[in-house]
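With the hints in hand, could you dock these two chains into one complex?
So you can see what is in the structure, the chains are spelled out below.
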Amino acid sequence: MTERDVLQRAAAALRERTGKPCDDAELTKARVLSDLQRVQRRRRRAWAIVLPIAAVFVGAAAWASSAGYTERWWNHVAKYVVSSNRKEAPPEDAWPAPRGALPAPSMSAAIPLVPSVSSESTVEESLLDGSVRQAEPTQNLNSRHTEHRSGKHRSVSNATPKESDADASTQDGRADDAYRKAHDLHFVEQDASRALAAWDAYLQLAPSGRFAPEARYNRALCLIRLGRRAEALDALRPFAHGAYGTYRMKEAQELGGALETER
Amino acid sequence: MHSHEQSSGGWALQGGPDMLPLLGVPVWPLARFKPVLYPRADDLVSGLQRGDRHAVGLAYDAHHAAVRAFARRLIGDDAAAEDLVHETFITLPSAIRGFRGDSGLRTFIISIAANHARHYVRASMRRRAAMAKLAERPEPDGTGTPEAEMGRAELADILMRALDELPIDQRTAFVLCEVEERTSQEASQITGAPEATIRTRLFHAKKKLREVMQREGVR
Numbered sequence: 001m002t003e004r005d006v007l008q009r010a011a012a013a014l015r016e017r018t019g020k021p022c023d024d025a026e027l028t029k030a031r032v033l034s035d036l037q038r039v040q041r042r043r044r045r046a047w048a049i050v051l052p053i054a055a056v057f058v059g060a061a062a063w064a065s066s067a068g069y070t071e072r073w074w075n076h077v078a079k080y081v082v083s084s085n086r087k088e089a090p091p092e093d094a095w096p097a098p099r100g101a102l103p104a105p106s107m108s109a110a111i112p113l114v115p116s117v118s119s120e121s122t123v124e125e126s127l128l129d130g131s132v133r134q135a136e137p138t139q140n141l142n143s144r145h146t147e148h149r150s151g152k153h154r155s156v157s158n159a160t161p162k163e164s165d166a167d168a169s170t171q172d173g174r175a176d177d178a179y180r181k182a183h184d185l186h187f188v189e190q191d192a193s194r195a196l197a198a199w200d201a202y203l204q205l206a207p208s209g210r211f212a213p214e215a216r217y218n219r220a221l222c223l224i225r226l227g228r229r230a231e232a233l234d235a236l237r238p239f240a241h242g243a244y245g246t247y248r249m250k251e252a253q254e255l256g257g258a259l260e261t262e263r
Numbered sequence: 001m002h003s004h005e006q007s008s009g010g011w012a013l014q015g016g017p018d019m020l021p022l023l024g025v026p027v028w029p030l031a032r033f034k035p036v037l038y039p040r041a042d043d044l045v046s047g048l049q050r051g052d053r054h055a056v057g058l059a060y061d062a063h064h065a066a067v068r069a070f071a072r073r074l075i076g077d078d079a080a081a082e083d084l085v086h087e088t089f090i091t092l093p094s095a096i097r098g099f100r101g102d103s104g105l106r107t108f109i110i111s112i113a114a115n116h117a118r119h120y121v122r123a124s125m126r127r128r129a130a131m132a133k134l135a136e137r138p139e140p141d142g143t144g145t146p147e148a149e150m151g152r153a154e155l156a157d158i159l160m161r162a163l164d165e166l167p168i169d170q171r172t173a174f175v176l177c178e179v180e181e182r183t184s185q186e187a188s189q190i191t192g193a194p195e196a197t198i199r200t201r202l203f204h205a206k207k208k209l210r211e212v213m214q215r216e217g218v219r
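Protein sequences, first through last, are from chains A and B. All residue numbers for the first sequence refer to the working numbering, where the first residue is 1 and numbers rise by one. All residue numbers for the second sequence refer to the working numbering, where the first residue is 1 and numbers rise by one.
For the record, the hints were derived by calculation from the structure and aren't laboratory data. Among the hints, a few may not be true.
[Unchecked claim] Below, computed lysine-lysine pairings styled on BS3-like, alpha-carbon distance capped at 30 Å: (1) Lys207(B) x Lys20(A); (2) Lys206(B) x Lys79(A); (3) Lys133(B) x Lys207(B).
One chain only, chain B, in its complex shape (with noise of 0.2 Å):
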């Protein structure tokens, strides 16, 4: 007995062929297929215009891990990031009706959540503002201290709390051009904005983000 299945779309086959007396020749009963109704991508793109669910469900499970890890990447707050996964999936339906081909299906959701996570990287920046004040951070005194004693999850909550300091657009360039590893090209199809302008979004980043992380005392 075997079982395959493509996640979008093909035939489903459940069970082994039966050994029915036609002619001889094992025939799979048709009741034991189970049709995927989107077998092409423009299929599954019908679907989600129409706003089937089970279309819905289909993109949700070949690209919710790629939306997810941008929205952790960009807010800095797991639980933020979970929220604005279940927002980008709940308003494809209706933002697929402007995706026109021009990138792949997985380039057209991340900027959907791109465009929707403006409010959450501002209330995540709030509280990890607010939680800064009420625990108590030595200052960096200066002295500075090598970059291979810390941990990389320090390193990291540095590079987030430095993140804070970037206006959302340049935050944005930054994240999908250096953390997701993005060509400039992607990046301007997923916010929309020119590629020159990703660009030097992005070196103006990187040189705040040198400042700050100079502040916090990493070199």
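Bound-form chain A, shown alone (with noise of 0.2 Å):
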């Protein structure tokens, strides 16, 4: 007997042997068709759970497109994506409401800041709903501020970098890394000499920055409460002749006129 004879009477001897009809045959069939028909209701009843949630998300979703939410809704996740380059004012609830925020000084009526400037305004746009646009042309705007700096407080930069784009994104990082930082020190801490120093850094790396109004009026109050009276004023004095529209104008008549009574 040859070697491959041995092998292919193996081979042989064990295809007949597992050749032969099983009698679980049947017994398999059931099997799988039961199971079959267990995985198709489970994929009905998850069907019959996932399509009215589905279709109340969308339902939702139409309602609030129709009413205007949806509209709302993406302008706000959008203030936050798109770079500093939009021309679009942070909503005044950007960050959450300021805990123990620096008091006003009582006051009698608002009495508005005589202008020692001109009141020519070079900001091109006007604010709706009392939001904030961004004031332009940059240059005009820190040049008003140029001309009531006073010698204690460091110069906001006027010259607003050029920068590549790829720089660019690094720089919006670094500005709202330095404006989370003066937020903490200014309503967290409550420490006006250390907020004041760090709305001075933010406005210097983003001079005119979605958030520069805010940090020129949060300035402001710091400036406030170290009794800087002068300084104060004049940081008030362009939210007091709507350089920034309505955004804290009422806010800045009243706290300028009170600064001015208790001169």
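Next comes the structure, spelled out in structure tokens:
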């Protein structure tokens, strides 16, 4: 017997032994069909749960879209995503409501500040619904600050740095970090001195950033708290004169009036 | 009265014609026609793709014997082979989406079994190895036992133990080509490996099996 024959005969023996019909065939078929039915039922049950949820979601989205909520929500989200080149001001509720915000000094009826600079505003866009839009052109606005600047505080940079697209996003990230830091110092730690330095640092990074108006206003509050009235008046004057539209206009007028009265 | 049915399609007639008074022509009442849903193989494939249980049942009836035989030859354990058959037909509705029609449906179903067989083979190998340790099987004395004196069953057992020493790919190639006597082209369609690879695996499998069977004392 050759080895090849042995292998062939062994294969034939295995073929013969395993080729016989099996008694379990019908049982296995029943298992297969039963398991398939169970899988299909599970799938139908899952669809019965998912479809109504999806329908509710789609319906809610359609209603929200028709009622204008979707656009408002999208604008709110987009402000955090889009770069600082967009001409939109952050909403007033962009940051949580400050805890222990610096109190405004008590005052009588608001007395508008007498403008010491030309009231011609170079701001080209007006505010809508109390939201702040970025002042433009930045150079003109900053030059107005420079006229009333005292030597006691750091000047805000006049130049908008020219940056490449690659650096712009890094700059935005740093500016956002600087804003967060200043916000914490101002509203959480309530350290006016350090907060002032932090607001200045942010404005140096992003003098026309999306939170620049808010930073300038909070900076003015720090100056008030530190007793630097002249600088505070200078800082509040643009707001009082509507350089940022109606953003903080009333508050600036009231604060400025109170400061003028206390002189 | 007569009835005939096709397993995968056609019309199943039950009962004979009634002599309805329709121009004196015998007519099978429509209610006695039991249409089968898949008159053609393409329709059966469509039904399988939809996950129709009836289609799976028809496919099982047509091909379970071939799948079971392959599973038993590959795994060497009837219970595990039955589980593999079950798993093969359970996964058929999802696997059939990859069916291109370049091979027969039976070949395709066996390829599903071959793909799923790996862990069954390993488990049955481990089981056989454990049982071999427990059983007191005399070591071959090297004098060689003439094959003619062995029963065919024992020869099959020896071959199954020898197959345990092969890698799964060579084992599959041997079972398909030598035990099931398929062509290398069919084996290539089932395993998804090129024909040349199948022939190479077969060559190495046979070489190894000869060595093992010689060691077992079979000449």
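Here's how the hints hold up against the structure:
| no. | hint | result |
| --- | --- | --- |
| 1 | Lys207(B) x Lys20(A) | 28 Å, holds |
| 2 | Lys206(B) x Lys79(A) | 72 Å, violated |
| 3 | Lys133(B) x Lys207(B) | 26 Å, holds |
In this structure, the one hint that does not hold is number 2.
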